[in-house]
Structures are given as structure tokens and as C-alpha cells.
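Each protein sequence line maps, in turn, to chains X and W. By numbering that gives the first Met the number 0, the letter at position 20 of the first sequence is numbered 19, and the numbering carries on one by one without gaps. By numbering that gives the first Met the number 0, the letter at position 78 of the second sequence is numbered 77, and the numbering carries on one by one without gaps.
Since the hints were derived computationally from the structure, they do not count as laboratory data. Warning: the hint list may mix true and false statements.
As the list claims (entries may be wrong) - Per label pair, the in silico range of CB-to-CB distance:
hint	chain 1	residue 1	chain 2	residue 2	range
1	W	G45	X	P101	20 to 30 Å
2	W	D64	X	M151	27 to 37 Å
3	X	I124	W	M66	23 to 33 Å
Note that beta-carbon positions come from the ideal geometry of N, C-alpha and C, so glycine has one too.
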Amino acid sequence: MSTDTPETVADGTPTRAELAARVEELEAALEDVTATQDSKKMSIVATKGTLDMAYPPLILASTAAAFDYDVTVFHTFWGLDILHEERSKNLQLSSVGNPNMPVPNAVAAVPGMDRVTTKLMERKIADNDTATIEELIETSLDMGVEFQACQMTVDLMDYDEDDFYDGVTVGVGAATAIENMMDADIQLLV
Amino acid sequence: MSAEFDISETLDVKGASCPMPVVKTKAAVDGLDAGDILEVLATDPGSMSDIDGWASGTDGVELVDQMEDADVYRHYVRKTG
């Protein structure tokens with residue numbers, strides 16, 4: 000046997016084999032850290048389903064995807080309606096409780112007024128060439144945004160997984176949302 | 000309009016408003032080769048700040064130039080990697 004690479008050294012100096020194993024271990028650890036840094040992550044929780052509140056999570060999700068972020072949007076309660084293929088095309092806006100809108104609450108509460116307010120907003124959206132909710136969902140899905148439908152509220156609202164856009168993840172709960180937030184560089188509740 | 004660099008592709012997002020100019024720019028850049036320059040034509044005044052911010056915060060792209068020209072904002076983005 001060669002004396003160049005002794006198996007053990009009396010004074011406690013690591014052997015060549017031990018050093019090689021340690022280098023391999025450190026290289027693997029470095030790779031993990033580098034991989035984590037490479038993929039930036041954003042986690043959004045979307046809880047609202049009015050026409051105005053459906054926009055912010057979708058605009059931020061699609062824009063972050065353009066920045067190469069891995070984006071997850073967890074939709075719960077009324078936020079589920081944004082993912083609901085039929086309901087997302089018919090989201091409503093109410094002036095009730097919104098003093099910034101030019102309709103007094105007493106008038107806004109009259110039956111049918113929400114339809115009027117919604118139609119006015121939809122017309123503004125069309126006139127301004129603002130993307131529709133459907134366009135933003137489809138664009139975000141194309142860009143790799145993961146939309147998640149909270150299972151507890153899917154059951155609560157009596158929705159079916161077929162009601163949602165193709166590509167929406169179902170069968171997830173709060174722990175999945177927390178797990179995504181733990182890994183994320185940006186976390187938002189809308 | 001004469002640019003001092005070769006434009007590989009032009010993306011017309013005139014009329015589109017936030018977030019579409021940035022989102023469509025990203026999609027167009029993904030289809031280019033390294034070194035190619037994308038010209039983006041927009042009417043959204045916010046696109047000046049947004050495309051600048053997007054290019055600064057995104058790996059593999061570089062904003063070469065921006066200019067306003069008769070109500071059209073022109074952006075030149077190079078794919079670097």
C-alpha cells in the first residue's frame with residue numbers, strides 16, 4: 000500500500016478522503032443556497048371578490064411573473080369568485096360603504112343600484128383599455144402564476160372544482176398558504 | 000425614427016394600460032435570442048417608469064433607451080442572457 004494517502008493520521012489531521020467528503024458536502028450546500036437565490040418568490044392571499052378588489056392581486060401577480068418571480072395566489076372566501084370562470088366575468092361593484100363614490104349610501108342601497116354602479120365601472124374599464132379580469136387570469140396562467148382555491152371555502156360556497164379556470168390548483172388549505180409565505184420574498188394579503 | 004442599434008422585433012402595445020405593457024414586453028423578450036433588441040411602442044405614460052423598473056429588477060434584460068415621440072413612448076430593451 001502506498002504511504003501517500005494514509006487512512007488515519009495520528010495527530011488528528013483529516014485524511015484526504017475526509018476532506019473530499021467535506022468538500023462534496025459543502026458544494027451540495029452551496030448549490031442549495033444558490034438555487035434558492037435564483038428563484039424569487041411572491042405569495043399573495045386574495046380574499047375579496049368585488050370588481051375593484053379583484054384587480055390588485057392579478058395585476059401584481061402578472062407583473063411579478065414578468066420579473067421572473069414564482070408567484071402563488073391563494074384565493075379564499077370571496078376571492079374565490081376571481082377564479083370562478085362564470086362569476087369572474089360578472090363581478091360586482093357597490094357604492095354602499097364607499098364614500099369615495101359619487102352616490103349617497105341611501106341611494107346606493109336601493110335595489111338594482113349595484114348593477115348601475117358595476118355597469119359604469121365596466122364602461123370605464125372598456126374605455127380606458129384596462130384589461131378585463133378574464134384577460135388578467137389567462138395572462139397570469141400563461142406566465143406560470145399558480146392560482147390556488149382554498150378547499151375549505153370551496154366547500155363553504157358550494158363550488159365545484161370544474162367551476163374554476165383550467166390550471167387552478169384545488170385541494171389546498173391554510174398550511175399550504177403558510178408554506179408558500181415562508182419561502183416567499185414578498186407576501187401580501189389583499 | 001432612426002435608432003443607433005438594430006431592432007430585432009417591435010411590440011405594439013399602444014392603448015394597453017398597466018400591467019399589460021410590462022407583461023407583454025416580458026413575453027416578447029422571452030422569445031428573443033441573447034443580444035437581440037426589442038422595440039416597445041406604448042401610449043401608457045406609466046410605461047416609462049414601469050419598463051425602466053422592470054428592466055432594472057429582472058435578470059437577463061437591459062434597458063438601452065427610452066424616448067417620447069408624439070404621444071408614443073418608445074422603449075428599447077436588450078436581452079442579455
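> Hint by hint, which ones does the structure fall short of?
Replying inline: Number 2 only.
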